[in-house]
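In order, the protein sequence lines correspond to chains F and W.
Under the numbering used here, residues 1007 to 1119 are what the first sequence spells out, in order.
Under the numbering used here, residues 10 to 125 are what the second sequence spells out, in order.
Using C-beta positions, here's what the derived DEER-type ranges look like: (1) W:88 with F:1013: 37 to 43 Å; (2) F:1060 with W:81: 28 to 34 Å; (3) W:109 with F:1007: 18 to 24 Å.
Result set (DSS-like, lysine-lysine): computed pairs, CA atoms no more than 27 Å apart in a straight line: (4) F:1111 with W:53; (5) W:47 with W:26; (6) W:47 with F:1111; (7) W:53 with W:26; (8) F:1111 with F:1060.
Hint data in this document are derived by calculation from the structure and do not stem from the laboratory.
Given the structure is predicted, the values throughout are model-derived calculations rather than measurements.
We treat Cβ as the ideally placed atom computed from N, Cα and C, and that holds for glycine.
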Amino acid sequence: GIQVEQSPPDLILQEGANSTLRCNFSDSVNNLQWFHQNPWGQLINLFYIPSGTKQNGRLSATTVATERYSLLYISSSQTTDSGVYFCAVTNLYSGGGADGLTFGKGTHLIIQP
Amino acid sequence: DAMVIQNPRYQVTQFGKPVTLSCSQTLNHNVMYWYQQKSSQAPKLLFHYYDKDFNNEADTPDNFQSRRPNTSFCFLDIRSPGLGDAAMYLCATSRDRQGDYTDTQYFGPGTRLTVL
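Okay, chain F solo, but in the shape it has when bound (with noise of 0.2 Å):
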């Protein structure tokens, strides 16, 4: 099946500063989707971005998807910000209408005040 990495596993800031998180996938997309998931486990969908930018107040994403990667940015970080991101996908060529998400192993972003 596909794979997903994501990097950096863990990323610990100051409040204010700007991150970039990173997810690499070993093969084509036909859905990208990155998460915010708060201490009480709820996925928060930030983005669907199986191509292109798109942005969302502080937040901006990137996928080039002929070089199989997509960006995160988070600007001028929060303390609400803290959490673990998850990028997951579906694999262009698994076939079928529809299909679960593949998920990265996240990254674990902690922000301090």
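We have chain F; now place chain W onto it with these hints.
This is chain W only, laid out in the frame that chain F set:
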């Protein structure tokens, strides 16, 4: 607001005692998924329903079953829970494939299962 709802949020069961987790959605999506997330790990797909068609992942244990009586509801049954089944169980929904792309998946808040 349209949403994905999971009940209960916390479930405690005894080793070997069957347990059922429920998921409902007001999004009218035709696809529903169940994921298992163990502590400090990534979510892992167990199975999904495409309308009434059940699609099991190859490595999902037989101990896990699912039912979807209608579009809005989906259940996860664990027939004989073991200690290794303690995890967060996440339900998700999506619309059908949109052209070449599978659609956004929306997740519920999860049910945290403890096995004693």
